[in-house]
Structures are given as C-alpha cells and as structure tokens.
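The lines below spell out each chain.
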Amino acid sequence: MKLLAPMLVIFLLLSGCAPKVLEVPISDEWQRLKETDAKEEERRKVSLEPETKIDEAKIEVEEILKREREKVVKIEETPFKDILFDFDSYAIKREYYPLLDSISEWLKMRKEKNVLIEGHCDERGTHEYNLILGQKRAEAVKEYLVRKGVDEKRLKTISYGKERPLDPRHTEEAWAKNRRVHFELK
Amino acid sequence: MRLKRIVLLSLFLLFAKDLFAKVYLDVYATGIRKVIIAVPYFKSTEATRLRAELPELLQKDLDFSGFFACAPWSLMDRDLLDEGIERSQIAFSKWRSIGVELLLKGKVEEQGEEVVTEIYLYDTSDGSLEFAKRYRSRKDLVRVLVHRIADDIIESVTGQKGILSSKLVFTAGQKGSTDVYISGIDGFGIRRLTNYRTITVLPSISPDGRYLSYTSYKGGKPDLYVVDLKTGHEVFVDRDEGMKVGREWLDRKTLLYSHTYGKFSSIVKLDLETKTKKTILKKEGIITSPSPSPDGKRIVFTSDMHGTPQIFSMDMVTGEIKRLTYQGKYNTSPSYSPRGDLIAFVAKIEGALEICVMDPSGSNVRILTNSGDINDSPHFSNCGRYIVFSSQRKGKTKINIMFTNGENKRVLDLTNQNEMQPRFVPQ
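Chain order of the listed sequences is E and Z. Taken in order, the first sequence gives residues 1 to 186; the numbers are from the numbering used here. Taken in order, the second sequence gives residues 1 to 427; the numbers are from the numbering used here.
Please note: incorrect hints may appear among the correct ones.
Here are the simulated DSS-like pairs of lysine-lysine, each with C-alpha atoms no more than 27 Å apart in a straight line [said to hold, decoys possible]: (1) Lys148/E - Lys161/Z; (2) Lys156/E - Lys263/Z; (3) Lys394/Z - Lys153/E; (4) Lys177/E - Lys277/Z; (5) Lys177/E - Lys282/Z; (6) Lys81/E - Lys282/Z; (7) Lys186/E - Lys221/Z; (8) Lys394/Z - Lys156/E.
Simulated from the structure, these hints should not be mistaken for laboratory data.
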C-alpha cells in the first residue's frame, strides 16, 4: 500500500502529460513542420522519444499498480475471521464450516505461514472453567483444520479464558462477540 | 457459663446445616443469634489515644466476625463508661438491663515502644470471668494486636479462633494485566507478590506457607509456576502446551492441578520435593478444579463428561467416580471445606453465577448468594465457618466474605482495582 500512492501520482503525472505531447504532432503546426523541414523532422523524433518512454513507463506503472491491487485484494481475502460459539460450548457451529474450509485452503497454499489459534470466552463463566473452555474452543478449531489437511505443526493453540474480551461491555451482544476463536498469523 | 452454652449450641446448629433463625433482639438481630457485647473504652494510667482506638477497632472486628452485635456507647451512661475493670467494680445488672450479655473490659499502658494491653471478658448473667489475657506488642502493630485479641475472644466464645488475623492471596488489576497480592483481611499489610503486568491468575499458597503457585502468561502462554516464598525463586514451571490451572494442595508439598491439551484433560499431582508429576485422572473433554477432601481420600472436580459442566467426586483409592450435581446446566469451581462437611461451588442460576454449598454426597444444595451478579472462586476459611469469594457487579469485581449459611456478607476493599480469585492463606 505504501508504494501505491507515489506510483499513482507518477502515473497521473505521466498520463496527464502524454496527451499534451501527442497533441502537438497532430496539430496543424505538426503537419506543417512534417511537410517542410527535415530538421524539424529530426526535432520531432526527439520529441517523440519521450512519448515511447512514456508508454513504457505507463505500462510499468500499470503493472506495479496491478500487483499492488492484487496484494490488497489478497489481504482482504485472507479468510481469518473470528469463529463464534454458543454459551458454554466448544462445538463448532455448522455455519462456520465454509469459513474454516477456506482457512484450511489458504493455509495449504501459504505454507510459510503459521497460525496461533486463540480461544476466548464471555464473562458469564467462572475464571478457571473459562480458561479450560477457551482451550477446548481453540483445540476444536485446530482439530478441524488438521482434519482438512493442515500440518499440525503449523497450528498452535492458546486460551485466554475471559481475560481478554474483544468487547468489554456487559451485554448479550458483547458476550456473543467474546465467545470466539481468533486467529493470529505468525 | 450459661451464655457460653447457648452460644455454642447456636453455633452448633448454625454450622450443623440448620439455620438458627431465632430473632433475639430486633434492634441488633439479622437472623443469626448474635451475642450482644459491650466494649467500653479502656482504662489507662496516662492519657493515650489507644484508650479509645483499641476498643473502636476491636468492635469493628467483633462486628465483622458476625458472631457479635456491639452495644453502642450511646446506650451507656457515664457511670457505666467510667466503671473499673475488676469484677467487684462492675454493675452487671445495669449491663444486663441494656441488653449486654458479654462485657469486655480493657486496660492499656504505653511502655516506651511497647503497648501492654490487658483484656477481661465477663458474662453479665453471672459475672463470671470468661477470659483474661495480657498482650505485649509494638506500638506500630496495633492493628495486628487488635485482630489477635478479637480472634482470641471469638475462640473463647465460639470454641474456634476467628479469621481477623487471616491473610488472603488474590489477584488484582485490570483485564489482561493482573498480579498476585497478599493482604490482611482488613486490607492492611498488602503486598504485591508478582509484577509481570500480564495475565496472572489463580494463586494459592501451600499449607505450610512455603510455596506460592499461579498460572501466568509472562512467558507468552499460560504456564503454571511454583515459587518458594522464602527465596523468591521459581522451583517448578510446567511449560507444556495447553492450559494448566490448579490451586488446591493435597499436603504441604503436593499441588493438584489440571492440564488440558488436545482432546484430553488430566488431573496432575505435583510433588515439589521430588519435582515429579503424576497423572491421577485423564479423560476426553474437560476436567478441572480438583479439590481434595481434608482426609485426602476423595477429590471433587468439574467435568463436562455428561455434556454440561458438573461436579464429580472420585475415590482416590478405587478411582470410582460419582456425579454430585444434577441441578442446572452449569456447576463449577468446587472447593472442599476443611471440616469435610461441605463443598462450595458456583452454579449458573437465571443467567447469574451464584455461590452454593452442598453436602459431600451432593445432596442438600443451598444457594448462598442471590445477587444476580457474577460470583466466583469460593474458598473456605481455615476454620470452615466462612467462605470468601469474588463478586462482579457492573464490571467491578470485589472480594466478599460470608458465613457458610450465606449470612453476614461483607465486601472487602483491599485495593482500588478489581480483585479476584481470593483464597485464605493457610495458618
């Protein structure tokens, strides 16, 4: 993303200039010069030189942009969203199967990446039990991914019980968000 | 002596599972038969602030204990307040006429850096001297002295020492950053034992006071640590993958904890002398919170082996497991009374977490809190008459204490932070 902004400026500057340079040759003046003066022909060549360069630059810039755009899309498309659980449950809900499947596919493609699977709980459980429950949530997700063919060695589990809630409020909405497995790419 | 018998009888009834609900005097009574005690200001040969300070602090302690109602000084006229401390100088009938059953008289002298205090306790029914002791203490340790006197008086009246000199170990801080603290029950003498500023939870101290155990994320993941409090050195760390938590000691050198990783959970017995671990129970799913009976013959624990978290009891010899709780879908954090007569635990009731007790057989469940809050971590006092626990109301968590019948609830204020996972320090 850092590269994108300056490259975009260069692109706009260059592409902004290009039509002006092109305008000169197709003007009447250009016609006149072409017809009358070989020296001017020579000058035209010189003046055309930047034009080809511009085209090359344009292509290059466009390629970088395309690459940058692809990267952006890839980051946005990493499938690591939180998996939510029912109260006091570490059973993965069916609705999360497609998400976990895409996570396992992604991990199988990006073999250099390891994942920390964090289990979290809402506050309406005892401290001690929640630490274990969070572990079981993380283990359930890990087991699913391993079953889908992800190398076990790339997956670490940790439980934070109710010690690190995503939403610190004391509402049903907050509790639902906090009963989760969260992924950290390593 | 008549009074003593009544008190002992009522205590027996109270702690023998029956609620002694006789209302003695409306002005004092809160359901439990409290003994009405008077603690007029002390005598001294010189002007010392301790004459008023000691009885004031003592009254606070006696009130806190739940066994006494202190007669206010406003009930006593000049003659009564100025009365001597000798039996012959005391007008017992006058004390009786204002409802006083026990009369505590004191004498205090400052001798250099020392304070010498004499305490006499009279039964106003017959004027008998129940208790007489002389205490010598340092001037700067007046609070310690008062707690000691209060505990002795409670012992003299109820047959067992009070908890005023007790210490608590607990965690305090904000979410994601909690450390272990130790403190007197009145919040004095507070010390922080860890300084990791990360998640550190579930501290406990071994029966002889030598070891401190806790689970901390200071190494990036939850590991179980045992520290020798004399040297401050870590003498054991369980760095295995997964969750390790436990805070109950089988004896002075054996910690019980649970370990959950992969499909399985196990209960581990850690011998700190040999530094060896022994798995005493391993099952799929969740097993946690092992708590031994005082004779060490059984352990109770939480498990979801029947679907929801419930409390089970295992015979340590035969390994036979029996389910104890059947009410509701969430019963966790069992803790055995040192008397062996009760198991405290946390039950989910109408969306809240409440402290309950039951008999070791699982019968006779009584709900002790009905605050609708998040109550957690029940633990019995060494005498088995009180339960300490944490209570979270609207995001603020404080340590509370109550009798094992749920009466005499008190909120402790130890730090200005959230305070959690309290445990009595063994004495």
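Hints, verified against the model:
1. Among the hinted pairs, lysine 148/E with lysine 161/Z is inconsistent with the structure: their alpha-carbon atoms are about 61 Å apart, more than 27 Å.
2. A threshold of 27 Å between alpha carbons decides the hint, and for lysine 156/E with lysine 263/Z the separation of about 14 Å falls inside it, so the pair holds.
3. Using a Cα cut-off of 27 Å, the hinted pair lysine 394/Z and lysine 153/E is violated, with the two alpha carbons roughly 41 Å apart.
4. The straight-line distance between the Cα atoms of lysine 177/E and lysine 277/Z is roughly 38 Å, outside the 27 Å bound, and the hint therefore fails.
5. Between lysine 177/E and lysine 282/Z the alpha-carbon distance is near 32 Å, which puts this suggested pair outside the 27 Å criterion.
6. For the given pair, lysine 81/E sits about 33 Å from lysine 282/Z by alpha-carbon distance, which is inconsistent with the 27 Å threshold.
7. Straight-line distance between C-alpha atoms of lysine 186/E and lysine 221/Z comes to about 15 Å, which keeps the hinted pair within the 27 Å bound.
8. Annotation: proposed proximity of lysine 394/Z to lysine 156/E is violated, straight-line Cα distance about 34 Å (limit 27 Å).
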